[in-house]
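Full structure from sequences and hints, please.
Protein chains in written order, with our numbering: chain L, 1 to 252; chain B, 1 to 164.
In case anyone wonders, no lab produced these hints; they're calculated from the structure. We put the beta carbon where it would ideally sit given N, CA and C, even for glycine. Please note that a few of the clues may not be correct.
[Said to hold, decoys possible] Among the chain B residues that face chain L by a calculated CB cut under 7 Å, a handful are:
(1) Pro8
(2) Leu16
(3) Thr36
(4) Leu139
[To be verified] Per the computed footprint, the stretches of chain B lying under chain L, defined by three or more beta-carbons under 8 Å from a beta-carbon of chain L, are:
(5) 40-51
(6) 72-86
(7) 124-134
(8) 144-150
[To be verified] Far from chain B by the CB rule (all over 12 Å, computed), these chain L residues:
(9) Asp30
(10) Met130
(11) Val156
Listed here are the chains, written in short residue letters.
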Amino acid sequence: MKIAVPAVEADLDAEVAGTMSTCRYLLVVDAGTMTFEVVRAPSEWGRPGLGVQMVSRALSLGAMVFLTRHLSPRLAETLRANGFAVVTGAEGTVREAIGWYLRCAPAPEPAARARLSAALGRSLRQLVVMVPTLLGVVFLVGLLRSFISKDTLAAVFTGHAVGDAAWGAVFGSILAGHPVNSYVIGRALLEGGVSLVAAAAVLYTWVSVGLVQLPAEASALGTRFALARNGLAFALAIPVALITVLLAGWLS
Amino acid sequence: MLRRVAFPASVAALYLALACLRPGQAAHALRSSGHTLAQLAIPLCIALTVMFVLNLFVRPAHISRFLGKGAGLRGIALSSAAGILSMGPIYAWYPLLKDLREKGASAFHLANFLGNRAVKPFLLPVMVFYFGWAFTVVLNVLIVLGALATAAGVSLVVRTNRGV
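Set out below in structure tokens:
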């Protein structure tokens, strides 16, 4: 079992660091052999988001437990939702903290049962996260069905295949959220008399193009990358929607 | 948590307001929404089952190892598989993608990963239920091909930028 511990130095006898965002080293320790790998903080030490970045590196090294003095509730919740154990309140050196954890940690469940319960817990949490917005979308779509007439929809989606695909792509790019919401909206558009081409464009762009998350993507992967990827995906939405409807009609 | 319920709470408030102003139409909207929810129940149960199977066998750490490994067709297949199998909000993936890019993962593989996230294996039952088999199969195949085309374009743009 690999345990990630933030430390003030890259050493098992170094003190456990106060918080993830200010630690300089994250030690990924194999609790069986007490050998360890070190994730070093990048040069821009202390800036926001550094903790998340270091935790991602520790995950890729196989850490399954995060043992720390303090961890932000948001990061702890995300880790737990992904099946990782988070233990706070660790004191002393890294070696002492791991010893404390191994003595106090609950007895391990049989591996197969632990995996099953972790997978079930994670799936239920993913569903619970998805449900409030889905409920909101379903009830909002119900309202729109009652209050927006087919004539109003027809004023935007005129029945011209390329135009409908373009409008669908615009809506899909602006709106964001869980993809299941795009299915509900796409289906409501169909029931409102809008063409399948428009629904296909909404579904394609909902995840492929993200105006809302564009700044975050640009910050992580570069402005040119983010603009090119989103722009190209938007441009492709129209031919993809047209070909989908053509081929689906031919197949069915 | 508050942010999560803010949207459905706003919709509930809208219903209350409209129930006072246009009770007939609001009741019709409520019935229509209830009907949609009832229709969604079975596909969502199947989605939960698929989600459970994926969570049992696939971990984020495994997915991150797919990216940036292998050249040629193997690398493309791995980055496509990683995108299709990745779950959760995209924001959770950005730090990891940034890190992988700094470690040398190509713009092509990263863009291909992001494009393939539009294929949601656990939601396929819902998509089939709403749009039919033929539409679902064709759209998802085109999403994978579209991701490749987008990735090729992004790769070209980023390379051109570095060359200038």
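Verification of the supplied hints:
| no. | hint | in the structure |
| --- | --- | --- |
| 1 | Pro8 | holds, 4 Å |
| 2 | Leu16 | violated, 12 Å |
| 3 | Thr36 | holds, 5 Å |
| 4 | Leu139 | holds, 5 Å |
| 5 | 40-51 | holds (count 5) |
| 6 | 72-86 | violated (count 0) |
| 7 | 124-134 | holds (count 7) |
| 8 | 144-150 | holds (count 4) |
| 9 | Asp30 | holds, 15 Å |
| 10 | Met130 | violated, 9 Å |
| 11 | Val156 | holds, 20 Å |
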